[in-house]
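Enquirer: Assemble the whole structure, with the sequences as input and the hints as a guide.
Number of protein chains: 2
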Amino acid sequence: ARPRVGYFYTGKTDSPALSDEIQKIKVHHYQSRPVIVEQSTSVYEAICTMFLEDCGTLFIVDKQTTLVGVVSRKDLLRASMGGQAIETTPVSIIMTRMPNITMCEKEDSIIEVAHKLISRQIDGLPIVKKVDVGSGYEVVGRITKTNMTSLLVDLAKNEGT
Amino acid sequence: ARPRVGYFYTGKTDSPALSDEIQKIKVHHYQSRPVIVEQSTSVYEAICTMFLEDCGTLFIVDKQTTLVGVVSRKDLLRASMGGQAIETTPVSIIMTRMPNITMCEKEDSIIEVAHKLISRQIDGLPIVKKVDVGSGYEVVGRITKTNMTSLLVDLAKNEGT
Numbered sequence: 070a071r072p073r074v075g076y077f078y079t080g081k082t083d084s085p086a087l088s089d090e091i092q093k094i095k096v097h098h099y100q101s102r103p104v105i106v107e108q109s110t111s112v113y114e115a116i117c118t119m120f121l122e123d124c125g126t127l128f129i130v131d132k133q134t135t136l137v138g139v140v141s142r143k144d145l146l147r148a149s150m151g152g153q154a155i156e157t158t159p160v161s162i163i164m165t166r167m168p169n170i171t172m173c174e175k176e177d178s179i180i181e182v183a184h185k186l187i188s189r190q191i192d193g194l195p196i197v198k199k200v201d202v203g204s205g206y207e208v209v210g211r212i213t214k215t216n217m218t219s220l221l222v223d224l225a226k227n228e229g230t
Numbered sequence: 070a071r072p073r074v075g076y077f078y079t080g081k082t083d084s085p086a087l088s089d090e091i092q093k094i095k096v097h098h099y100q101s102r103p104v105i106v107e108q109s110t111s112v113y114e115a116i117c118t119m120f121l122e123d124c125g126t127l128f129i130v131d132k133q134t135t136l137v138g139v140v141s142r143k144d145l146l147r148a149s150m151g152g153q154a155i156e157t158t159p160v161s162i163i164m165t166r167m168p169n170i171t172m173c174e175k176e177d178s179i180i181e182v183a184h185k186l187i188s189r190q191i192d193g194l195p196i197v198k199k200v201d202v203g204s205g206y207e208v209v210g211r212i213t214k215t216n217m218t219s220l221l222v223d224l225a226k227n228e229g230t
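Residue numbers (our numbering), protein chains in the order written: chain A, 70 to 230; chain B, 70 to 230.
The set of hints was computed from the structure by calculation and includes no laboratory data.
Note that beta-carbon positions come from the ideal geometry of N, C-alpha and C, so glycine has one too.
Be aware that one or more of the hints could be misleading.
[Said to hold, decoys possible] Here are some of the chain B residues that sit facing chain A, going by a computed Cβ distance under 10 Å: (1) Phe-120; (2) Glu-122; (3) Lys-143.
Expert: Here it is as structure tokens:
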């Protein structure tokens, strides 16, 4: 008898092809440009940057452009409604700081990152690279639930990278 | 010669199985519970509801529970930083109104909705049902980029509904 080799499409409950393909997709195939502000920036300016760049997550860096924090639209909304002086409060006061930042690297599997977004209930992650000197990270990209939605659309069009 | 029937897995550039499976998934397979507030609710209370329910989009209804508007986290952030009196401003002042609301129904293909989320740059949509009397819609669910990310994770685990 002829040996059964390769995969056969047998319906939606058994499609190894599907999950195999998705597993191969890396973060850098779908990443966005990071939006970065310096830690002394005011909360007010950070909100303006978020609107101008139309993003949901900002990455905060120090003077050496090393990642020190992350702020989400939710963090900014909380600060803004709290009646704080958002023009004079630096964004560093309200940011999530290292080492509590969930990060990824550009060669990571996109599905691992999708898992992190769901399990930690966040909208986006910084894609980082270790800096050559010292112990910090440089931000090289951003990956969000919007990128995940685009990937899903591409898979349905049979165009997943 | 033996006829080639069915689909064969020939690598990531040619996988009809993949897109076929995704096309079959409906909105109701991945929907979330809608979070609804009445149109006379203040912007301040709407923000509190958004934090309590941990959602990114609120649906606004009239006294007959007919959908009249949608507000996003972005709309609330804009109102909040604008120095308006958010305790006394009703949410109906800042909402996106009918007929400008992008909606879907529970039997719609989830991929169509993913397309809408991307092309209209929104985080979530109301899932609606026509009301029996009159011309309005009742909100029966919510579908967001978070649901799309969960679907992607399930597909990678080979568990897409």
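Enquirer: Give a verdict on every hint.
Expert: Hint check results:
1. Phe-120: holds, 7 Å
2. Glu-122: violated, 12 Å
3. Lys-143: holds, 7 Å
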